[in-house]
Every structure is written in structure tokens, then in C-alpha cells.
Amino acid sequence: MAQPSGALMHFVHRRRRGAELFLLILALLVGVGAYAAVGLGVKGKVPADIVSYGGWLAVLIITAHIAVRMVAPYADPVLLPIVAALNGLGLAVIHRIDLARDHNLARQQLIWMTIGVVLFVGTLVLLRDHRVLQRFTYTSGLAAIVLLLLPMAPGIGKTVNGARIWIHLGSMSFQPGEVAKVLLVVTFAGYLVLHRDALALAGRRVAMIDLPRGRDLGPILAMWVVSLGILVFQHDLGSSLLFFGLFLIMLYVATERAGWLVVGATLFVVGSYLTYLFIAHVRERFQLFSDVWAHYGPGTDDLGRQSVETMFGMAWGGLIGRGLGQGAPWRIPFAESDFIFGAIGEELGLTGSIAVILLYGLIVERALRAALISRDDIGKLLATGLGGALAIQVFVVVGGVTHLIPLTGLTTPFLSYGGSSLVANWVIVAILLRISDAARRPLPDLSTPDDADMESTQVVKLQ
Amino acid sequence: MNKPIRTVSIFCLLLFLALAVNATYLQYYHANALDDRTDNGRVATATFSRERGAIMVGGTAIAESVPTKDQYKYQRVYHKPFLYAPITGWYTFGNETGMERAQNSFLSGEDDSLFVNRLVDLVNGSSTKGGNVLLTIDPAAQKAAYDGLRKLGADVQGAVVALQPNTGKILAMVSLPTYDPNKLADHDFKKANAYASKLSKMKSQPLLNRAIQTTLAPGSTFKVVTASAAVGTGRYNANTLMPAGDTYTLPQSHSVVHNDVLSGCSNSKIPLIQALEFSCNTAFAPLAVKVGASAMHQQAEGFGFNQRYLDSDQLPGQAVSQYPAGEDAPGTALSGFGQDSVTATPLQMAMVTAGIANHGVVMKPYLVDSQQSPTSFETLKQFPSTQLSQATSSSTASEITRMMVATVQSGTATPAAIPGIQVAGKTGTAQSGLTNPDGSEVPPYAWFIGFAPAQSPKVAVAVMLQHVDQPTDEIHGGTLGGPIAKAVMEAVLNPHG
Numbered sequence: 001m002a003q004p005s006g007a008l009m010h011f012v013h014r015r016r017r018g019a020e021l022f023l024l025i026l027a028l029l030v031g032v033g034a035y036a037a038v039g040l041g042v043k044g045k046v047p048a049d050i051v052s053y054g055g056w057l058a059v060l061i062i063t064a065h066i067a068v069r070m071v072a073p074y075a076d077p078v079l080l081p082i083v084a085a086l087n088g089l090g091l092a093v094i095h096r097i098d099l100a101r102d103h104n105l106a107r108q109q110l111i112w113m114t115i116g117v118v119l120f121v122g123t124l125v126l127l128r129d130h131r132v133l134q135r136f137t138y139t140s141g142l143a144a145i146v147l148l149l150l151p152m153a154p155g156i157g158k159t160v161n162g163a164r165i166w167i168h169l170g171s172m173s174f175q176p177g178e179v180a181k182v183l184l185v186v187t188f189a190g191y192l193v194l195h196r197d198a199l200a201l202a203g204r205r206v207a208m209i210d211l212p213r214g215r216d217l218g219p220i221l222a223m224w225v226v227s228l229g230i231l232v233f234q235h236d237l238g239s240s241l242l243f244f245g246l247f248l249i250m251l252y253v254a255t256e257r258a259g260w261l262v263v264g265a266t267l268f269v270v271g272s273y274l275t276y277l278f279i280a281h282v283r284e285r286f287q288l289f290s291d292v293w294a295h296y297g298p299g300t301d302d303l304g305r306q307s308v309e310t311m312f313g314m315a316w317g318g319l320i321g322r323g324l325g326q327g328a329p330w331r332i333p334f335a336e337s338d339f340i341f342g343a344i345g346e347e348l349g350l351t352g353s354i355a356v357i358l359l360y361g362l363i364v365e366r367a368l369r370a371a372l373i374s375r376d377d378i379g380k381l382l383a384t385g386l387g388g389a390l391a392i393q394v395f396v397v398v399g400g401v402t403h404l405i406p407l408t409g410l411t412t413p414f415l416s417y418g419g420s421s422l423v424a425n426w427v428i429v430a431i432l433l434r435i436s437d438a439a440r441r442p443l444p445d446l447s448t449p450d451d452a453d454m455e456s457t458q459v460v461k462l463q
Numbered sequence: 001m002n003k004p005i006r007t008v009s010i011f012c013l014l015l016f017l018a019l020a021v022n023a024t025y026l027q028y029y030h031a032n033a034l035d036d037r038t039d040n041g042r043v044a045t046a047t048f049s050r051e052r053g054a055i056m057v058g059g060t061a062i063a064e065s066v067p068t069k070d071q072y073k074y075q076r077v078y079h080k081p082f083l084y085a086p087i088t089g090w091y092t093f094g095n096e097t098g099m100e101r102a103q104n105s106f107l108s109g110e111d112d113s114l115f116v117n118r119l120v121d122l123v124n125g126s127s128t129k130g131g132n133v134l135l136t137i138d139p140a141a142q143k144a145a146y147d148g149l150r151k152l153g154a155d156v157q158g159a160v161v162a163l164q165p166n167t168g169k170i171l172a173m174v175s176l177p178t179y180d181p182n183k184l185a186d187h188d189f190k191k192a193n194a195y196a197s198k199l200s201k202m203k204s205q206p207l208l209n210r211a212i213q214t215t216l217a218p219g220s221t222f223k224v225v226t227a228s229a230a231v232g233t234g235r236y237n238a239n240t241l242m243p244a245g246d247t248y249t250l251p252q253s254h255s256v257v258h259n260d261v262l263s264g265c266s267n268s269k270i271p272l273i274q275a276l277e278f279s280c281n282t283a284f285a286p287l288a289v290k291v292g293a294s295a296m297h298q299q300a301e302g303f304g305f306n307q308r309y310l311d312s313d314q315l316p317g318q319a320v321s322q323y324p325a326g327e328d329a330p331g332t333a334l335s336g337f338g339q340d341s342v343t344a345t346p347l348q349m350a351m352v353t354a355g356i357a358n359h360g361v362v363m364k365p366y367l368v369d370s371q372q373s374p375t376s377f378e379t380l381k382q383f384p385s386t387q388l389s390q391a392t393s394s395s396t397a398s399e400i401t402r403m404m405v406a407t408v409q410s411g412t413a414t415p416a417a418i419p420g421i422q423v424a425g426k427t428g429t430a431q432s433g434l435t436n437p438d439g440s441e442v443p444p445y446a447w448f449i450g451f452a453p454a455q456s457p458k459v460a461v462a463v464m465l466q467h468v469d470q471p472t473d474e475i476h477g478g479t480l481g482g483p484i485a486k487a488v489m490e491a492v493l494n495p496h497g
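Note that the protein sequences, when read in sequence, are chains A and B. Using our numbering, the letters of the first sequence correspond one by one to residues 1 to 463. Using our numbering, the letters of the second sequence correspond one by one to residues 1 to 497.
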């Protein structure tokens, strides 16, 4: 761990819970305002259930706030409001698609959000110290692998839109990959904390870059194989990319060695090429990306419809958007889930798109800030992993939807319709808040300030 | 571990920056290109759901958008649909024709001149409205032309064009058979498509705007062009004696040309004015040869042959009237009375007569008088009248006028005479040169061109009858076309009936 500077040691973070409450009220205004705007835009009147809807949203947000106030008083004050704003905006946009398609997914999503907030509070209350997670390194690793394998199990696994990433239990459907994401971060963090020295110190220097030893390549090769496996057997390009990128980032942060990035990038390129050669699904995606216009319209296979309609929608939205309820986002297939960013771009314009991108950027920034100021390795790695995972996920899905990179199936965190994703992301936020609470909390006053030796001893003891 | 965390944050920053740049590209820089794609259903629907501007004639709308309850919000409605269909065309999802196409960007509100309106609409939160287009059409002349054609029978195929000689304004443009654009603009697209395919399968081609899209042999009306070329050489005037007779043998050939009219042409030498009055083919065929292929070609082009003059923002699809360059002697002889390789649209022949009426200056024909703001009704653009060409000198024009007046007074064009007003005119009865599938000859086309008053012309008319349900020997430009031209001229000259 880098030695904190003297100034940082004496800096005491304020709790800033009042600021959080103020930002939360703004976030609530975004959510309820957007909901009302959707009603006005589509039907010309404010939705009849605006009071009960807004009330419920307020209850959820205030509950989360009170929980933070009580069990994580020093936690970052910006994270929760951003998440609340994104979740509220997502609900409004899903409601907007509901009105166009005549179903009621928004209500369902509100229930999922409720479960998400309950788990958020539960995580904060039960997980009083994030370092406890290190105990579950292998347990959560095993759980993650089981979850990832579940969709392959006959009977409960189900192929949706070409990807076998769903499990069905009765009427409930669930995307275990989203939960596996959290578990994998915990596993990686726990593993790397233990093995970082071995991974970092031994190695050869080739062309200015420290390359790791062959025997240390084991974990990254294993992760590479797992990622390829997900791709090959589940046709889930997005998750495969996410897990591999996530692991690479955490490995790099843990070992501080750029050599791992070289190895990782090489594996990524080789893996991409191999899958392009041998997996039709991947080839299809690339071809769709390279000439989407050949896959749109009558006389073609029309596979590019969702990409093209998203681009049309975003162009149609222009700088300030058509206004909520006044565009035609129902033209985009899956506008309420994977392609929700297109719907936002159409109705809220470039202004809305950039705002959403900034909000995600801020979440990642707050997560990495928590990592920077965290006083322990596991906290740093967890926060980096969770923040990095979110960054990669947003890039992969938004980049795919906006035709920056080939399209892969991932949900847009907090915005997309989908219970597993929403719930998992609320838990991620809870863990991030827990880490930032620990990092921002003033050190217990166990030493006399002028005794520098004592002080460093204390820091070591904290580990 | 903080150093790599900082590196990771820069990496994440780059990822988000890439997303933001890409969103900006899509929604700002590339947005117009995406919006303009023809396969963009979103824009098409939005445009189709917009309150489109009206097409106005004489202060009343002949096409307008009225609110409906269906998903497209506005229904295009055509008033007097059959009368104006060849002009308005129709407007439906993803397709528009006629004036709806020519002025589409203004009618739909997309035009740059409506930018301020769009901005105001955007700020007010109201939806964009298209501007109104005011036509040059004189409703009385239009109705007179339509009624005149309809009187000739149910399955008449023909067209009438009337021009204001000194401006080029199109005062009337009628084409029969016609159709109901309301049925084509129906939001029940299946029904509309069925009607469209029924129309396009009909042999009489009702979707064709014969006034500008059909080129046929102009027959004897073209003698006005031949006479202009002859007088233009300086070697001829109305009284110049020229060879005529009952027959004329084409140069380098054994083919013999006859006259349609039995009296007036038989003398071996007659003055030019008499040749025009009685439409003597046997006089004009050798005259054209004497004038020469190149002078004839030049004269025809002076009136607008071989050119596209009706701009696409006026009406799309103008056919080019033909007078080929480098005709040989027999071809030139036949062209002297508007046969063989000479073809013209009714608009072209109206321009010939309007050019004579306007002292030899042919004005560029136009149909859109002005564009009007949808909100303040102020005129945003007034279309100017522009000169197309100087077809003949002023003196030549007045010499031809003299002969055309005589043609109405005592020649073949007497049916167009208006009491108290000097009318100039010329008839034409053109051999179709075609045979029916059963071997019989396709009946001739009847033409009439003229203008009035002869000394200060207010209106020039061309009438073309491609098919009339009458026996072949009853088909004459004068008897069939003359009364229609007369009615149109009267409608313009006596606006109050």
C-alpha cells in the first residue's frame, strides 16, 4: 500500500449526510418529474398514480438514506443520489415504453427496485466491515461458477435472443451473470490480496516491460478460458468481455505491473481472433457491426434493425431531444432493456445522453476515489473492481447500442428493465458505500499524533 | 496500489470520453445525414404526421391538411380533386407527386426559409407547420378548360395549358382522364395502393399529366414555328407568294403530301398568310426545306424545343419536346407541318403561341406564384418571371400575329373567334402515324393554339386532344379544340363571366 502523505493523515472527512439528502431530493425530482413528463408527453396529462408512485420512490430513497446515515455515516454522499437519479430515470423511460407497447414493466421494475433497496440496506447493515469479504474468497468463487453454469443446466436454463444466460424457476426468470459479477469481484480481490506479491515480484524484463513468470500466468489463463467458455457455450459476448476486462484491471492494480496488461491485451487479441474464426455468433456480430446498413430494411435479414433504429432515434433526438413521450422509441426493439440508452437519446437528446454518461462516469469516479483513499488492500481492490466492472459494462453496452463497438448483450446498470441486474447493482453500491465509509471514517485515536513510529504501526495493524 | 488505480481511472475516463464523443457524433454531426436517409421511418412518420401547408388557387385551398384522430394526426384533403389532380399530385406515406413533390420541403416545413418558424414552434412546444404555396392558376380558366374537355365525351384523352404571355405564369393546366388524389392519400394504405395499381394498369393512363408529360406530333400548329423561321430569315412576309398546290412530292422520295383542307391551297402560288389560314401542307413542306434544317432547328429551340424549362420546384416530370438537329430534306419537309420526328407537349405549344403573343420573347413557364408563412400568412418568397429566350424579333412576331388573326377570322380557326375581341389562332390535326392492334389507323390528334386579345395578349392557350371518341373524319383541331380555347380565353378576359 502506498504511504499516505502526512497531510492526508490529518485530513478528516466530513460526513456530508445533509448534502446527500439534498442531492437525493434532486434525484427524486428527476425521477418523479420524468414520470410526470412521460404522462404529459404521451397522454397530455400527469399520470393518475403520480402521488403513490412518487411517494413510493421517495420512501425507497429516504429508507436508503436513513440506512446510510445510521450504519455508514462517513460514506460517499454522491453515490446514492446518482444511483437514485438513474434508477428513477430508468423507471420513467420504461413506463414510457410501457405506454407505447401496452404492457406494465415499470411496476415490475419498481418492485425490483424495492428488492434492490432492501438488499442495499441489508448489505450495509450486515456487512459492517468489507474486509470480512476476504473470508468468502473461494466460497464466492465457487458460487459464481455455479451461477454461471446454471443457465446451461437442462430444465431451468433458457436461450433468449441467442444467448443462454437466463434461468427460469417457475414464473421467475433470472440472469445469474449479473450476480456472478459481484461474486467474481469478491473472489478476485480476495485472491489477489493474498497472491499479489508473488504475481508482482517475480518475472523477466523484456523490452522495458516486466513480464510475469510462466507459472504465475495460471490465474489469468484460467480466467481467459472461463471467459471464452462463457462466450462459446452461452453466446454471451458482453459478459465474457466484462469478466476478462475486470480481472485484468484488478490484476494490474494488485501487482502494479504493466506487464500483465501486455499479457492480457495479447490474450484478448488472440481470443478475439480465435472466436471470430471459430464462433459463428461472434462473426455475425462483427459483420453486423461493420456493415449494419446491409442488414436493415426489406429484402435483408433485418438483424441490424435495433442498431439502425437506435441511431435513427438518437439522430432524431438531436441536441435537446423530442421530449419525453414525444419520440418513437417503440421502434427500437428491446428499448426498455438493452437499448434503453437509445430511447433516452431520442427523447432527451444529446443533453440527456451526455448527462447519463456523466452520471455513470461519476459513479466510477467515486468508486475509484474510494479505492484511492481506502486504507486496506482488499478495500482498494474491491472498489477498483466494482468501479471498473461498471465502467466496462457501461462502455460495452452503451458503446454497442450507439454503434461504437460491436453489439453485445448487457444491461445498462440501473436504467434497463431487468431484476437481476438492478438488484445486483444496488448491492454493488452498498459495498462501495461501505468501503468509502471505512476509508473516510476518521482513524480511531489510538496513538499520540507526534509519534510517527506508533502511527505507522497502527496502520499496519489495521490490515 | 494507487498508481495503477490512477491509470485505471484515466482508462475509464477515456472509455466515457469515447462514449460521449460517439453520442455527439450521432446526435449532432451525423444527425442530419441519418435523418435524411430515405429508409428512416421515424422521420417519415413524423413528417407525415405534420400539419402540411396548403396549396392555394385564387385564395382558396385546393389541397390542405385537416386534423384526424388516427395516428398520423393529419389527413391530406383535395378539394375539386379531379379538376386539379394533374397539378397537385397526391401526398401519401413515403411518396408524393406533382406539386406535393415540387414544393415538398416548403409544404412540409423543412425548408430553410421556414427555419425561424420552426424555431418558434420549438420554443412554444407546438409542432412544426408547413408553409402555404400559392399557384399562378386562374380558377375560372382552369374550370373552363376542364369543362370544355369533358364536353367531348367520357373517355376523352387530352390536355389544355394556358399561359400569361408576358410573365410565363401558367393560368390553366388540365389533363384528362384524371383521378381522385383523395383516394390515393387515404391513410388506409391498402385501399390507396389498390386504387393506385388500378390507375396504373388503365390503358388511358390517368396518372399521366398530359399537359407536360405527353409529347405528340403537333401537326399544323407547328406551322407557326415554320412561318416564324421563314419570316425571321427576312426573305418572307405575310404577302410573299409561295408554291402550293394539291400535292407535294417529298424531296429524294416518291411520297406525296396532301392537304387536310380542300379549298384555299390549290393555286400553284399563294401568299404565306393564305397558306397559314388554310393550313396548306403543300406550301409549308417546301417552305421548311427552303428555310433549311438548321434555321428550323434553331427556331424550334428558340421556342423551347429540346429543353427542360419547367423547374423541378414548379412541377416535376416535364417531357422534352423534340426537334432533332441535322434533319435531312424529306424530314425537314415533314417537320414544316409538325409531322415525323417533331413532337411537342401541350405546354410547349402554349409557349410557342405565348412567345408570338409576347413580341417574340418566350417567358419561362412557372406554376408557383409565391410561398406563404404558415403562421403570419406573409409572403416569404415571390417567384419572379424570367425570360427563357428571344424566339423571334418583335416585327416577326407581329407579322405572325397578323396571319394567326386572319386564320381565326377567315381560316380554319374560326370556332375560336370571340365577338368584339381579336383572337389569334392556329389549328392542327396531326397524323398519329400509329396503328391499332387490329390494323386500323390510330385516329389523328387534334390541336389548337391561340391567344387573345391579339394586340395586347392576356392569355395564350394550347389544346391537345389525343383521343376523342368520334369518327376520324370528325376530328379537327378547329372544331374540337377551338371552342375549348375560346372558353379558356373568355374566362381569363372576362373574369366576371
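To be clear, the hints were calculated from the coordinates, so they are not data collected in a lab. Worth double-checking, as some hints may not be accurate.
Unchecked claim - Below 27 Å or equal to it, Euclidean Cα-Cα: the simulated DSS-like pairs (lysine-lysine) are:
| id | chain 1 | residue 1 | chain 2 | residue 2 |
| --- | --- | --- | --- | --- |
| 1 | B | 183 | B | 203 |
| 2 | B | 364 | B | 151 |
| 3 | A | 45 | B | 69 |
| 4 | B | 69 | B | 191 |
| 5 | B | 381 | B | 364 |
| 6 | B | 458 | A | 43 |
| 7 | A | 43 | B | 73 |
| 8 | A | 45 | B | 191 |
Said to hold, decoys possible - Covered stretches of chain B (chain A as the covering partner; in silico rule of three or more C-beta atoms under 8 Å from a C-beta of chain A):
| id | segment |
| --- | --- |
| 9 | 12-20 |
| 10 | 35-41 |
| 11 | 133-139 |
| 12 | 391-397 |
Glycine included, each C-beta is placed from N, C-alpha and C at the ideal position.
Quick rundown of the hints versus the structure:
no.: 1; hint: 183/B - 203/B; result: 19 Å, holds
no.: 2; hint: 364/B - 151/B; result: 31 Å, violated
no.: 3; hint: 45/A - 69/B; result: 18 Å, holds
no.: 4; hint: 69/B - 191/B; result: 18 Å, holds
no.: 5; hint: 381/B - 364/B; result: 18 Å, holds
no.: 6; hint: 458/B - 43/A; result: 56 Å, violated
no.: 7; hint: 43/A - 73/B; result: 14 Å, holds
no.: 8; hint: 45/A - 191/B; result: 35 Å, violated
no.: 9; hint: 12-20; result: holds (count 7)
no.: 10; hint: 35-41; result: holds (count 5)
no.: 11; hint: 133-139; result: violated (count 0)
no.: 12; hint: 391-397; result: violated (count 0)
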